[in-house]
Structures are given as structure tokens and as C-alpha cells.
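Participant: Below are the chains, spelled out letter by letter.
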Amino acid sequence: MRLFKDAEIAAAGSRRLTKADVLVEGGRISRVEETMAVPEGAEVIDCAGRILLPGMFDAHVHLREPGRNDKETIRTGTEAAINGGVTGLVAMPNTSPAIDSGGLVRSVLDIARRTARIPVQVAGAITKGREGKEMASIAGMVGAGVRMITDDGSPVRNPQMLRRAMEYAREFGLLIASHCETMELSGSGAMNEGRVSYKLGIPGIPAISEEICIERDIAIARQTGCRLHIQHVTTARGMEIIRRAKEDGVPVSCEVAPHHLIFNETDIGSYDSNYKMNPPLRTADDNAALLQGLIDGVFDLIATDHAPHTAFEKHQQDFGNAPFGVTGLETALPSLYQFFIKPGKFDWGVLVEHYSARPRILLGLDPVEIAAGNAAELVLFDPAGQSVFTKEFMRSKASNTPFLNQPIDGQVELVVVGDEILLSRQEGEH
Amino acid sequence: MEPRKDLLEIEDLSREEIEFVLKTAQPYKELFKRSVKKMPTLQGKAVLNLFYEPSTRTRSSFEVAAKRLSADVTNLAVSESSVVKGESILDTVDTLQAMRADYIIVRHKASGIPNLIAKHTGASVINAGDGFHAHPTQALLDAYTLRERYPGEELAGKKVLIVGDILHSRVARSTSRILNKLDVEVGVLGPGTLMPDGRPPEMRKFGSFDEAFDWEPDVIYLLRVQFERQGEQFFPSPGEYHAVYGLTNTRLQVVRERGIWVMHPGPVNRGVELTDEVMTYERCLINDQVENGIATRMAVLYWLKPETEFA
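If you read the sequences in order, they're chains V and U. According to my numbering, the first sequence is numbered sequentially starting from 1. According to my numbering, the second sequence is numbered sequentially starting from 1.
One thing to keep in mind: the hints can contain errors.
Said to hold, decoys possible - Taking lysine to aspartate or glutamate pairs in the DMTMM-like style, the calculated list, with each CA pair at most 20 Å apart, reads: (1) K158(U) x E63(U); (2) K119(U) x E313(V); (3) K181(U) x E53(U); (4) K33(U) x E63(U); (5) K38(U) x E19(U); (6) K345(V) x D382(V); (7) K109(U) x D272(V); (8) K119(U) x D272(V); (9) K5(V) x D419(V); (10) K119(U) x D419(V); (11) K38(U) x E63(U); (12) K345(V) x E313(V); (13) K67(U) x E30(U); (14) K45(U) x E307(U); (15) K109(U) x D267(V).
FYI, nobody ran anything at the bench for these hints, they're computed from the structure.
Could you put the whole structure together from the sequences, leaning on the hints where they help?
Facilitator: This is the structure in C-alpha cells:
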């Protein structure tokens, strides 16, 4: 039994924090009251001045296992998640081999059960080997527990293939997640096409590469009635296409990544490959539009697209050859706090709604909002603290983040799942 | 003027630094007329030519420049095939540190490689052309060539029309930038496919040669059409390119009547960017560019200070 005393509780969609005491018994929240006497035998955790959040849920994570355990493993990736206050995630299937069968899903879930301290959801591939040619064994993956399928990392290039997959997946109630990119338009591009790519002499990825594919996939969702989730939207126009489709009743949802809200192409500076990801950082105007879209509710989720790479790949090669991707599990919560919540651009309710509540709803998982009866997945966040993202601080194997060695306001102080304290930076160990 | 370690791109340079290089190159050029063309300036210094992309002209130009300053020059032609996968360019640079080079001259097909190397070594790094990014010594030699024709303040306000592949050309990027810094107006003309929207606003765009002639340029700078760099089609044929964007004999008449100077970074594609007649046109500056390249690169070697010489 554990009592979280004098916490400032954040809830999805709520503009304000509520001061309350939260009692956890047998792994579940049993009481939430303005103030309560300490029940006998309860361990008291002083939460005064800190924010108590339901655990974050990241619907877009690359754990790299199997195949690229040098970049990340299920163990290190989930530890990174805990370090960032994330207590649930969806692992993308672009591993080696790609997760495209029930057997592979089971083996990944089995590794997760043995090595991870938080639950791991696995997304399956839409097509075998993510090659876009044949459908993966969809029913087999559903049987193993898959709720979302995606060829993430690439689009399904052939629209007829995607159409058939969506018609088929619809009957299983699956969510199809799309990495929207028109490969012929992206070519050898390595960053947003525009002023900065011209100046640096780096081939560009035009905004239309993403926007045309968003239009295409929405048209197919409209036709098939299959639920579609557009991953990592980066352009104002792309977002507007989705907004209109939602108004028209197309079953589409979408996500935005913290880095696409915070950074833009100018941050690349002199070829800093920590700012190289796909889809790429766009413009300052896009930053502003995406932020407004998040506040307006166009975006359903915040998801990091946590994409770990080795130091060699990212920092010993030139920008063009360095792989796409940025890590995000550990930095998302504090960076969103520093850049948006602290300066009042949006409130805790927006963050909890998009990075905790709605991803779970989208995937049909039980809610973890801080209310009596729910499972206890709690994160205590200290807004007065500070996190410095050194290699030692981070639990990911990778350090390909613009925040490397940078201080960010706020600190994840405590992470609790059920009765277990997964992380504590409080004085004195529990 | 602060000492500078590397020459990576024109953007980094102050007007003062540009003027310093142009001024320093002048006596070096005088030197070429003498029977003894060598100076002891860089005696005992080691210059490493690290060329990942074949280039006889630029490499030779740097080699002659370094030798005329009495430096020891090592040429390292690294063919792409010899670069083992998994060994990064920085591993190569680490290996080369053993050679104790004071100056490393780099050419590479990937943009940003010289920047990466410069951060990693105490030697002075000179960018001899990287991808589509920059070719700063070309820009300096172009500026020097123009300054010879328009001494001192005369150059400011002149108009240079750059013709061709603005999208893939590092010469277009660097030369237009130095011209901006010297208050020269820059216009551009080329196929719509090679005219990126992201180009700087100070590049004034023309739709045709006729339109560009109305602007009354003082100089026409033709870019080399890089057939080998283009995996995809940007214009229907070399013949059509020549007809629309080439300096044809008909256009040469206009150029001659108006006394417009003609430049080209070389090597030229005869029958594409220009005709044989252009090569013998009295105001064609292509050979001057080559000669000035050596003097300018000598000035650059003299100007840059490897980290060992700071303090």
C-alpha cells in the first residue's frame, strides 16, 4: 500500500492540476481524495510541488530487436522508456527480420516478458518482409496479440497492395499505420527540400513527398473503411489534409513527434546528423502550424518515433550517409515541458491526453488515468528539477539526440507500475 | 583579422578575409612570369591532397600552388572502391594523422565531408569541392579573375549571369556567394528542373537568354553540365540544352558586340555549354581562371593557419 500525498494531478483534457492524495493498493488505484489520513501500513510518498501523471504511452518506438541489438534491445529501449516516464509502448516491426508473422510476434513478446519491466505492444508488418509485395500473415499476427500493422520506415508503394491489405485488415478491426512518403519524390533526399538544403548542398525531401502519400492513404481509407493512422506528420498542408478528412468522417487518426514541434531545418546547422530523421525537420512555419494543430485537436497522439542508432553510424559519417532517426523516449516528457508547458503554450492536460490517454484508447488498451479502480501507472514529475542528457544519464544504448549533454528543465522523479517502483530519483531509496 | 584554420565555405568569410586573399594572390601571379617561380614560404610544411573524386585540374592546381610555396605535397587518390564499408572517413583521417600533414585538401562527392574532417583534425582543411555544397577556392579564383578586369571599387555593381545547373552546382553556390559579398549582382538562367526554389533570393532568375540579355550582364558564367552526376533526366537532350541555354554562335555575336566577359569553371563540354568559337573569343577568361587558380590557392595556403601555429 502506497500513498501519494499532496500531488498535483494532471488529467487528460483538463486545463488545471488537481491537488489530491492517491492511494495504491494491490497494484491498483483504490482512492483519490482531496486529502486523506494515512492508512495504517501505507508507505507515504511526499509529492508536494510535483506533478503526478498517468504513465506515458508511446505508440511509435523502434526497439531494434531482433537484428540490430547493437543499436538498442528490448531491454535497453524499455529502460529508456521508464527513464522518460513512459510505461507502455508499441514496438515497430522494421527489425531484421521484419515482424511479419504470428511466430515472430510471439518471440518478440517473449523476449519482452523476460527482459522488459513495462508491457510492450508489438506492431506487425503489413507486407512480408516490409517489401510491399505480398500480405504478411495478418490473422496469425492478430492471434499473437497485434493491434496495429504498419510497414513503418517505408510506405506501401503500390496503392492496390495497400487497398487490399486495408480491406483485409478491416475485418480484424486492425489499425493500419502509415509512414507517408512518395519514394520517387524523396529520391536520395536527406533533409527537407528548401533554402537550407540548397545552402548545404544536401538533396532534399520535398513536403509533397509526404503530402501526396497522405492524400493517397486517406483516399484508400475512405474507400475501404479501414481505420488509418498517419504517423509522424510534419507539414502544415499534410495536417490540413487530415483535418478535412476527419471532418468528412474518414476513420483517420494521426500523430506528431516532439522533434517536429521543437526543431526545424535551420537547426541542422553545419551538418549535425542528430537532426537528421525521416520525415525530416521542416520549417519554422510548420512548427507553429503543428503546435496549433495539437492544441486544436487535429492530432490524436504525440509519439516519439524513438530511433536509436550507433555512434559510429550517426557521428562518424557525413550527413548524407548517416541513417535517419533520433531517440526520444527519454527526452519527450521533459522537453515538451520545457518548450511548451512551462512557457504556457499548452497545459498538462494536452500532454496527458495525447501522450498517455489517447494512444491507449486507439489501441484498445485499458485506461490508466488517475482514478479509483484503474491500474496504477504513475509518473511523478518535478518541474523544479533538471535533467541533463548525458550518455550516463540515458539508458538507451544510443545517444543520437539533439539534447545530448544538454540540460532540460524538469525531471522524471519516480515511475511506479502496479506495486513496483521502476525508477526513483527521490532522496533515500524506497 | 583573426587567424583562420580551415577554408570550408565562402559563407564563413568576412569581406576583409576575401580582400586579403585577393590581394595576396596578386604578387604570386607576378612571380609566375619569373624564371624562378618558387618561394620558401611553406618550406618544411606538409600538404596532403585527399581526393575522393577524380579531378586532375583542381588537384594539379593545388599541387602546383603548394610546390611553388616549397611545401612537400603528397597526393592521395582514394578511389571509392578502396573505401571499405564500415571504415568511416574519420578512420582514414586518423590514419593520415600519422603523416603529420599541416594542410589537408579535400574533395569528396558528399556534402559536408570537409566540415566533418575539419572538426577532427588540427591540420588546416581546405575544401576543394564537396558534393553540391561548396567550392570556395573556385569562388576566390573567380573573384580574383573578375577583379583583374574591374580593379578596386569598379567591381561593385557589375552584373554576372550564371547559366546552367544551379541545383547541383557547388560552383554556383560558392561563386554567387562571393559575388554577393563583393556587391556584384547575380542573375541565374537554366532549365526549370535545375533551378531550385530554395536558391537565395538575391539570385535573380531569368526565363531565357533574351530576357537575361535585357538585364545587360557584364559577365556570363557558364556552368559545366554534369551528365555523370544526374541519375535522372533534367532536360530532354544535350542538343536542346545547347539550343536554349548554350552560348551558341548567334548569342556569341551579341556577347561580342557588347564586350561581355565569358567564364567557365572547366572542363567544358563543347557543343553543350558553348561552341568552339567561344573558346577563342577575345574576352573568354577560361585560361585566366586556370592561371589565377594557382595564385589564389597559394594565397589561401599562405593565409590559413594550422592549429599547431595558433597562439
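Participant: All hints are to be evaluated individually against the structure, with a verdict given for each.
Facilitator: Verification of the hints:
| no. | hint | in the structure |
| --- | --- | --- |
| 1 | K158(U) x E63(U) | 33 Å, violated |
| 2 | K119(U) x E313(V) | 17 Å, holds |
| 3 | K181(U) x E53(U) | 29 Å, violated |
| 4 | K33(U) x E63(U) | 18 Å, holds |
| 5 | K38(U) x E19(U) | 23 Å, violated |
| 6 | K345(V) x D382(V) | 19 Å, holds |
| 7 | K109(U) x D272(V) | 18 Å, holds |
| 8 | K119(U) x D272(V) | 12 Å, holds |
| 9 | K5(V) x D419(V) | 16 Å, holds |
| 10 | K119(U) x D419(V) | 49 Å, violated |
| 11 | K38(U) x E63(U) | 13 Å, holds |
| 12 | K345(V) x E313(V) | 35 Å, violated |
| 13 | K67(U) x E30(U) | 16 Å, holds |
| 14 | K45(U) x E307(U) | 13 Å, holds |
| 15 | K109(U) x D267(V) | 23 Å, violated |
Checked against the numbered hints given earlier, this structure breaks hints 1, 3, 5, 10, 12 and 15; the rest are met.
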